[in-house]
Structures are given as structure tokens and as C-alpha cells.
Amino acid sequence: MTGERPLGLVLLEMALLLVLGPLVTGAIQKLKARLQCRQGAGVLQPYRDLAKLFRKGTVQADTASGFFASIPVLVLAATLTASALVPVVRAGPPAFPLGDAVMLLGLLALARFLTAIGALDAGGAFGGMGASREMTVAPLVEPVLMMVVFSTALAAGTTELGALAARRGTSWIFAWSAADFLGFAAMLVLLPAETGRIPVDNPDTHLELTMLHEGMLLEHSGPGLGCMLLASHTRQIVTLGLVSALFFPAGPADGAGAAGFFLGALVFAGKILVLAIYLALVESSYAKLRLFRVPEYLGVGFVCALTALALRIL
Amino acid sequence: MSTHTLHAIVDDLGALLLFTMILILAAGQIYRAIYAVAAQSLLIAIAGAVLAKATGNVDLWVIAGITLVVKAIVLPWVLHWVVRRMNVRREVEPVIPVAATLALAVAVVVMSFHLSATLGPVHQAITGNALPVGIALTLLGVLAMATGKTALTQMVGLFASENGIFFTAMAVTQGMPLIIEIGVVLDVILASLVMAIMVLRVRSTVDADIADLDRLRG
Chain A
1 MTGERPLGLV
11 LLEMALLLVL
21 GPLVTGAIQK
31 LKARLQCRQG
41 AGVLQPYRDL
51 AKLFRKGTVQ
61 ADTASGFFAS
71 IPVLVLAATL
81 TASALVPVVR
91 AGPPAFPLGD
101 AVMLLGLLAL
111 ARFLTAIGAL
121 DAGGAFGGMG
131 ASREMTVAPL
141 VEPVLMMVVF
151 STALAAGTTE
161 LGALAARRGT
171 SWIFAWSAAD
181 FLGFAAMLVL
191 LPAETGRIPV
201 DNPDTHLELT
211 MLHEGMLLEH
221 SGPGLGCMLL
231 ASHTRQIVTL
241 GLVSALFFPA
251 GPADGAGAAG
261 FFLGALVFAG
271 KILVLAIYLA
281 LVESSYAKLR
291 LFRVPEYLGV
301 GFVCALTALA
311 LRIL
Chain B
315 MSTHTLHAIV
325 DDLGALLLFT
335 MILILAAGQI
345 YRAIYAVAAQ
355 SLLIAIAGAV
365 LAKATGNVDL
375 WVIAGITLVV
385 KAIVLPWVLH
395 WVVRRMNVRR
405 EVEPVIPVAA
415 TLALAVAVVV
425 MSFHLSATLG
435 PVHQAITGNA
445 LPVGIALTLL
455 GVLAMATGKT
465 ALTQMVGLFA
475 SENGIFFTAM
485 AVTQGMPLII
495 EIGVVLDVIL
505 ASLVMAIMVL
515 RVRSTVDADI
525 ADLDRLRG
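Protein sequence lines correspond, in order, to chains A and B. Numbering-wise (my numbering), the first sequence opens with residue 1 and increments by one. Numbering-wise (my numbering), the second sequence opens with residue 315 and increments by one.
FYI, nobody ran anything at the bench for these hints, they're computed from the structure. In this text the structure is predicted, and so the values were computed from the model without any measurement. Honestly, I wouldn't trust all of these hints.
Said to hold, decoys possible - Distance ranges between label pairs, derived from CB positions:
1) B/A460 x A/M129: 29 to 39 Å
2) B/K367 x A/A33: 57 to 67 Å
3) B/A414 x A/M129: 21 to 31 Å
Claimed, not checked - Just a sample of chain A residues kept apart from chain B, beta carbon distances all over 12 Å, derived:
4) E4
5) L53
6) L314
All C-beta atoms in this analysis are idealised placements derived from N, C-alpha and C, irrespective of residue type, glycine included.
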């Protein structure tokens, strides 16, 4: 269970997250379609979309500056770096200095900031609107996410996710303390917001004024849009991985060997699938909130996270 | 069941109770508040069963059963019935914004934890974090009553508050005498019936809700 993760394993885990990211989106979309009694596109549809986009040419707004073209690559790079910090197949700190959960959240915030900057840069009305909304919601989500991480980190005495997962051990929900329940509740409230889904955002529409994240992608095209989409798939699986590292520590695989690796990957995929099913169910059973109602919704997460911290400290 | 496990389970249930309370405070629709209060009562029944198992007190089993039937099933059903009869708007309009209510809720929770930490020896004698959670639940129920504009949200707040007192009493005394508990439950049933009938009568006579009554002149 313990033991350090060498560089090769970390790189392998990054690749795994990058490759599996679109699959999670595809699975959620498929499940949503089935819940709406539709056949739906196959679970591999996001891969086909990405392949199509990477083959296409780029069209750019005249008003966009030179920086605009590099935005998608930077966003993807920041998200990918963040994915290195999530333990996937087994717990334990990396064998070399890498970064902790605070850095992970910082990188995700950086990706979000760059996306918003890109949307403003292009000069489109939708992009500016989406960016301003995203920047309204982000300050409500990120501190709460931080507090959830801290409330778990306080118990483990470290903010390094791998070490944190290792400290918690493989024990299941029975080993949870009271603060874990509240922290997990806060996380469940936050997950749709962080992954850009109903009731906070709507990932399916491109032309509604209610959307946040998609509005910022409108000005991108071709490989750039592909990078942005891939980044948002990766961001989603990284967030889900963060939840599973915090609350359902990484798999039972003990150390080296291909068998251990595959078992760990399988357990990780199972945990991600459960969270993806949760997201699909929430998306299918709730309506999108009005933008002014979103702070109230996120307020529930905030209070839960703060109470979790209070339970840990007091 | 060891004392440690008991404390852990009561703590966990307390956290879930606080979560349901937060849901009640933040509920945008009256139905959600009703479901949350039903879930809260269910958790209290579970807490009663756990304490009964740990202490071997037969009365607690009876109390847990009564709580389950009366508070988790009958009372929500009565509230549901009133909502359907009244044909009210299902959206809840609080007196102050929900965000402000939630901020107050945080203050209340932190305060009650701080309060019970200063109690020292009294705190030691009580199961886990039951005391601060109980105080917080009771006060948050009062908060829900104070911020609710309609009679129904105030009823939900009252039941939540009552749940808090019930939880504290159960965890602190390891089970009160059965006759007192039954008296309390009967009071709750009676109060809910009186309130339900009141609300419906007020509604049918003057077509107003509780918030409008301050403008009523003879």
C-alpha cells in the first residue's frame, strides 16, 4: 500500500488520466441519454470529436491577439501537470519532490484563469459573458474545495495527496470520522460546479445565455478547441481523482508488477465510474439553477466544509 | 459494542444530522425541507437504536421505534398533506437571503462547539460530540423558524429544533424515562395537528399566511 511512486509510474498515471478523461465524459453522456430514453452516442464519441477537431484547420477572430493561439496549449499543459499530482493506481508520495493538493488546485485555477483570459481576448460577446460568469462562480467554488482538502489534510498531517491517501489506508467508509461525512457532503455539492455540470453549468448547450464554460470556448476552433476540450475532460477526471484520493484512498495494489498496476487501475476506474454515475444522475434529475441562485447552492457546500473543519479543530 | 465505536457512530450521525439541518436551512422548495426533516428524524431513530444496542436499555428501542414511525413517517406525511391542501407556491421565500442564513448557521455551529468545549467536565460525561451537535441543531431549528415566512417553514423549523433537543436528551442521559419520551412525542403529534388545522383555517378564512398577519387590523 505504501511505498514511493517512481517517476515512471507518475508519468504512466498521467497518461492514464489523459487517455481515460474523454471516456468518463462519454460514459456520463451515454448514461444521461439512457436516462432520457434515448439511444445516445457511443461512449467513444468524445474521442471521435477530438480526432475530428485535431484534423481541422484553425479560424481565429481578427480582434484576437497573438497570445490567443497559445491559450489552448497552456490550458492543457496546466491541467496535465495537475493530473501528475493525483495518485491513481496506488497510494504513497512520489519518489521526487512534485507538489501537493494546494498546487493541484492552484494549477486548476491557473487553467481556469487562462481560459477566461482567452475568452476575453477574442472579443466575442459570448466569450466575455461566459468568462465573467465563470469568474463569479470560481471564487465560490475554489475556497470551499480548499477547505475540504484542508479538513482531510488536518487528519493526515500532510497535504501531499499520495501520502494523504496512504495515511488513510484502504479502510472503507467505516473508518470515516464525523468530519469526513460533512467534507464528502460538501464535495458532492461542489462536484457538479467544479466539473461544469447542471445545476451550475450546462455542458450540452453552446448557444444558451445560461452557460459558463462552453461560452468561453466559442472563439476557439480546430486543434485549439480540441486542446480545450481535452483539457476539460482531463480536468473532470482529475477532480474525480482528487475526490477518490481524499475520501476513498487509492487501490489495493501493493507495489510493483503488472498485475498490481492493472488491479490498481481497475479499482481506480471503478471509483471514477461510481462518481460519474452520481454526476449523470444529478444532471438528469435537477434543473439548471438561475445564476443568482448558484451562490445559495454553493453556500450549502461552504457551510458543510466549514463545519467539517470546525469538527476537526474544535 | 465498545465505547469508542459508540462515540464514533454517534459523532458520524451527528455530522449527518448537521448536514440535514443545513439542507433544511438552504431548501429552496418546501418539499425539500420536508424530506430533509424526515431524513433527520430517521437518523435520530438510528441514533436511538445504536444507543439502545450499546447500553442495553430496552426503553431506547421503544423510543427509536416511536421516533421512526411518528417523526420520520407520520409528521412529514401531515406536512405534505397540508402543502397539498393549501396549494401554496412551493418556493420558499425567506425573510433574509439564504446566503445570510447560511452564514448565521456557520456562526451558530462554531459557537456551540466552542461553548461545549468550555464546559470541560460536563463535556467529558457525554457521548462523543452529541452535546455541541444537539445545541447547534436546536438553535439552527430556531433560526429556520425565524427566517421562514410561511407557517409551513416555521413548522419544519420547530420539528427540526425538537429533533435537536431529542437527540441531546437521548445522548446525554443514555435514555430518559419512557413515560417522558412518550409524553414529548404525544405533544409533538398534538402540536403538529393543531398547527396544521390552524394553518388551513387561517388560509381558508382570510387567505393570508403568517407573514401577512402583522398587517391584520380588527
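Check: Which numbered hints are broken by the structure, listed smallest first?
Finding: 2, 6
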